[in-house]
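What follows is each chain in one-letter form.
2 protein chains.
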Amino acid sequence: MNIGEIAKRAGVSRSTVSYALSGKRHVSPETKARIQQVIDELDYRPNAAARALKEGRTRTIGLVIPPPVRRLTYMQLEFVASVLEAASQADLDVLLSPSGDTHAPAFSRLIDGRRVDGVILMEIRLQDPRVDQLRKAGMPFVTIGHTAHPEGVWWVDVDYQGLVGRCVKHLADLGHRDVALINRSAEMLADGYGPGLRAQQGFAQAVAQYGLTGFEYPCADDAPAGDACVERILNEHPEVTAAVTVNESALPGFQRALQRAGLRVPADFSLIGVAAQHWAEEFQPPLTSADVPAVQMGAEAVQLLTEYIADRAAAPKHLLLSPPISLRDSVSRARTLERD
Amino acid sequence: MNIGEIAKRAGVSRSTVSYALSGKRHVSPETKARIQQVIDELDYRPNAAARALKEGRTRTIGLVIPPPVRRLTYMQLEFVASVLEAASQADLDVLLSPSGDTHAPAFSRLIDGRRVDGVILMEIRLQDPRVDQLRKAGMPFVTIGHTAHPEGVWWVDVDYQGLVGRCVKHLADLGHRDVALINRSAEMLADGYGPGLRAQQGFAQAVAQYGLTGFEYPCADDAPAGDACVERILNEHPEVTAAVTVNESALPGFQRALQRAGLRVPADFSLIGVAAQHWAEEFQPPLTSADVPAVQMGAEAVQLLTEYIADRAAAPKHLLLSPPISLRDSVSRARTLERD
DNA sequence: CCGATTTGGCGAATCGGTTCGACAGACGAT
DNA sequence: ATCGTCTGTCGAACCGATTCGCCAAATCGG
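Quick note, the sequences are listed as chains A and B, same order.
Numbered according to full-length UniProt numbering, the first sequence spans residues 1 to 340.
Numbered according to full-length UniProt numbering, the second sequence spans residues 1 to 340.
Fair warning: there could be bad hints in the mix.
Intra- or inter-copy, both count: the list cannot distinguish identical chains.
In silico lysine-lysine, DSSO-like type, Cα no more than 27 Å apart, as pairs [said to hold, decoys possible]:
#1 317 <-> 24
#2 54 <-> 32
#3 8 <-> 24
#4 54 <-> 8
#5 8 <-> 136
#6 32 <-> 317
None of these hints come from the bench; they were simulated from the model.
Small disclaimer: the values here were computed from a predicted structure and weren't measured.
Using the sequences and the hints, build the whole thing.
Put into structure tokens, the structure is as follows:
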């Protein structure tokens, strides 16, 4: 069931079938109808490989996700979902590829084997070898997150630095003087993970600017780590009355540790952060947070990538999003002030 | 940078390059070395589309996931991750495709456009039109889950019916007389969702067999629904001392509702279920459960699919897994017995 | 009524690989 | 010296689409 078979049954040439399908040249309505009928009968659809070979494009994009996949955070899952959705809208297929040392062959296949027209890269590091490889191969790509030197690169990101700064300001305005930052894991920071390092900077700057005392705590991406982290904070710095977090996966652990310590949120301890809306609302009480617009970001990434693919000479574009802080129920005035 | 270019620079014909790469015919060591050197210099990799066209296979499998993707349960995410991992091991790429009405064109592209060599289908219904479509198109596929009439189909599944039955038996052995089943949502059951309906059957059978009184509660896949569901159970049937759950996404909600009601697990209320190990361990206290071996299932699905692709005439195989119940801390003897 | 233009469709080349058959040269056996 | 075998390589066909150039018939204007 190839185009030749269709042509034979419709009594026309292969090229006519092709033109009838693509509309790139005029075909008489009668002929077109006859061809369409045969196609419907046989459930014919052009062979993707043949088309890709001739056209030089695959109508497929690669989505490179961080391993181990099983540990995908909810936010990352939202990216994947929204990229998938946006790609589907644009009639693009998505080839999902884990990155990392053991998957290097797969990555090279993707790039050098021209399996995809472009790539969306998630979880990039400040220095990221994959960016260099893509650049060298001349493969269009958009990163979610941005490297230390993103000039000439297309990217979409959330302004972690600014957002964490605004969270600190929010706490300062409410009278908190001693605050903690619960960051991502120490390994990720050492590995040059952008959002973590930018959160660090934003926190340090804002703490200095508003004259607060700040303590930074790295924390692995799971509930037990969150539990342990909050316990450490409470032990080591009992004067801390509020925390800013960029670690949504650890949130359930915070709840447990605070509860065990007999601290109520927000009466005794305020919590604010940057997180996916889902996690923020799941928290008890609902977390005041800057909701990362993951869905929008995924869609924008696909949009940018299609633009890039369509015009490889176009000037690089990027998008730095800074969503507003949604006021929920996890932040209150500092205890010390309430005693006045 | 195509095979012709490599051939020219190495001073051989295109076919020799091809044979040097594939090893399907003997090529002298010197020639092979010369070719390899040119390839390394240019980072050459065969164009996937051209190869797919000639070979008639794409070295790609499709993974069809349920929409809305954003609501993937942890277990489903584990399937995706393990399929990805296993495919990567087998040098296969994975095309991720959401299913559902709005994505029908993408699904047809996958199947009729021969974009993939085979398909893995997740979340299938007892009656599933996608199964029929795949069958009609002659596309090899493996389902995770099985339809009402799985004869002639390749599949991998967990024995929900048997597992739920064993959970009930476990509770009966410990003296519980009135037990609840917290199932998946009413919509999913109405829609013919296999695991939910099989859990229902297993529960009903076991309850009858051991002479217990059973109450079935459907529950949506999220924490608030779980909270509300447990509250209803406690209100409507205060005599219930234990529940079996197959709804891992609702678990955090159970915790909250039980806590609010002042019931301790397992002293006052026992909980047992079928869930991903991750969720079972995240629960407070760790949940006694039959851990769904999602990672194994994903790997097995890929394995079966490659066998099927390699020999389309092979007799269908399937795998019905029945993991043991891991005893953790959420089940105890019934209260009434403890008073003896 | 004749040349120019438009309409509708055809044939062949092409994309970049794989693979089959052929073939030249080296070598061993008789 | 001759024949057969084996080695290593080449040339050409092919996979299934798209697209360019071309041409026959129909239509139009003066």
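Of all the hints numbered above, which does this structure not satisfy? Sort the numbers upward. Going through the list in order, the structure violates hints 1 and 6 and respects the others.
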